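**Student:** These protein sequence lines are chains A and B, in that order.
Start counting the first sequence at 65; every next residue gets the next number (this note's numbering).
Start counting the second sequence at 26; every next residue gets the next number (this note's numbering).
If you're looking for bench data, these hints aren't it; they were derived computationally from the structure.
A quick note: this is a predicted structure, and the numbers were derived from the prediction, not measured.
Among these hints, one or two may not hold up.
Stated by the list, open to error - Capping the alpha-carbon separation at 30 angstroms, the derived lysine-lysine pairs in DSS-like fashion look like this:
1. K104/B to K129/A
2. K67/B to K71/A
3. K71/A to K104/B
4. K129/A to K67/B
5. K129/A to K71/A
6. K70/B to K71/A
Said to hold, decoys possible - Per label pair, the in silico range of CB-to-CB distance:
7. T81/A to C65/B: 21 to 31 angstroms
8. N80/B to P103/A: 47 to 57 angstroms
9. P39/B to N114/A: 21 to 31 angstroms
10. Q88/A to L99/B: 33 to 43 angstroms
11. P135/A to S131/B: 27 to 37 angstroms
12. C65/B to S123/A: 41 to 51 angstroms
13. S106/B to S117/A: 23 to 33 angstroms
14. V126/A to K70/B: 43 to 53 angstroms
15. V67/A to F85/B: 18 to 28 angstroms
Using N, Cα and C, we set each Cβ at its ideal position, and we do this for glycine too.
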Amino acid sequence: SAVISQKPSRDICQRGTSLTIQCQVDSQVTMMFWYRQQPGQSLTLIATANQGSEATYESGFVIDKFPISRPNLTFSTLTVSNMSPEDSSIYLCSVGHGTYEQYFGPGTRLTVT
Amino acid sequence: RKEVEQDPGPFNVPEGATVAFNCTYSNSASQSFFWYRQDCRKEPKLLMSVYSSGNEDGRFTAQLNRASQYISLLIRDSKLSDSATYLCVVYSYGQNFVFGPGTRLSVLP
Chain A
65 SAVISQKPSR DICQRGTSLT IQCQVDSQVT MMFWYRQQPG QSLTLIATAN
115 QGSEATYESG FVIDKFPISR PNLTFSTLTV SNMSPEDSSI YLCSVGHGTY
165 EQYFGPGTRL TVT
Chain B
26 RKEVEQDPGP FNVPEGATVA FNCTYSNSAS QSFFWYRQDC RKEPKLLMSV
76 YSSGNEDGRF TAQLNRASQY ISLLIRDSKL SDSATYLCVV YSYGQNFVFG
126 PGTRLSVLP
């Protein structure tokens, strides 16, 4: 399985600001995804990060709030824009190959005050 | 009806016990199924994929019943280290990945 790192591991941000989370993989992967895990809950898929094109967002998530970049097959960023306390969550990237098995990064724990 | 539902738990079992979790899904066109485990404050880790014929990995056995739209996970001879939340994940083309709410397992000494 791939080795995945995320930066930052945690942050405390003020409402109205934006935070960009980085996800780096040690090998080229076809699929990269971004998830949110709110306190005490399971994971919800935000979007699929597509290399060289716009991300594909799930229902309830929009590009203006969660812009995503994927400049190559090993790297992606997720920005949480104009944050509010409701955005406090763990954000995880995951990667997958053809079999749909996913491997997750360690997550970014975001607190918005 | 939620897309993926799991036994609410928590399950508290003694070491050495056998425990089974169930997961049901609503989309009959779902294609791929997985069990992940998530330790407290950690990321989910793939435990096993679930195949139509059922599959076993050591103490863990996964079964898929497409007709009834459920997946099960059986853990035999439970260890303290099995304590975690177990997440059922379903992939459907066009619907993408849906995670169940998870079932928490505590294995007690």
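**Student:** Against this structure, judge whether each hint is valid.
**Tutor:** How the hints compare with the structure:
1. K104/B to K129/A: Violated - the C-alpha atoms of K129/A and K104/B are around 43 angstroms apart, more than 30 angstroms.
2. K67/B to K71/A: OK: K67/B and K71/A at ~15 angstroms, within 30 angstroms.
3. K71/A to K104/B: violated (33 angstroms)
4. K129/A to K67/B: Distance ~25 angstroms between K129/A and K67/B Cα, so the pair holds.
5. K129/A to K71/A: holds (19 angstroms)
6. K70/B to K71/A: Holds - the C-alpha atoms of K71/A and K70/B are around 19 angstroms apart, at most 30 angstroms.
7. T81/A to C65/B: 21 to 31 angstroms: holds (29 angstroms)
8. N80/B to P103/A: 47 to 57 angstroms: At 33 angstroms between Cβs, range violated.
9. P39/B to N114/A: 21 to 31 angstroms: violated (48 angstroms)
10. Q88/A to L99/B: 33 to 43 angstroms: holds (37 angstroms)
11. P135/A to S131/B: 27 to 37 angstroms: At roughly 43 angstroms between Cβ atoms, S131/B and P135/A fall outside 27 to 37 angstroms, so the hint is violated.
12. C65/B to S123/A: 41 to 51 angstroms: violated (29 angstroms)
13. S106/B to S117/A: 23 to 33 angstroms: Given range 23 to 33 angstroms: violated, Cβ gap about 42 angstroms.
14. V126/A to K70/B: 43 to 53 angstroms: Since V126/A and K70/B have Cβ atoms about 30 angstroms apart, the given range 43 to 53 angstroms is violated.
15. V67/A to F85/B: 18 to 28 angstroms: Given a distance of about 24 angstroms, which is inside 18 to 28 angstroms, the answer is holds.
Hint check: violations occur at hints 1, 3, 8, 9, 11, 12, 13 and 14; the rest are consistent with the structure.
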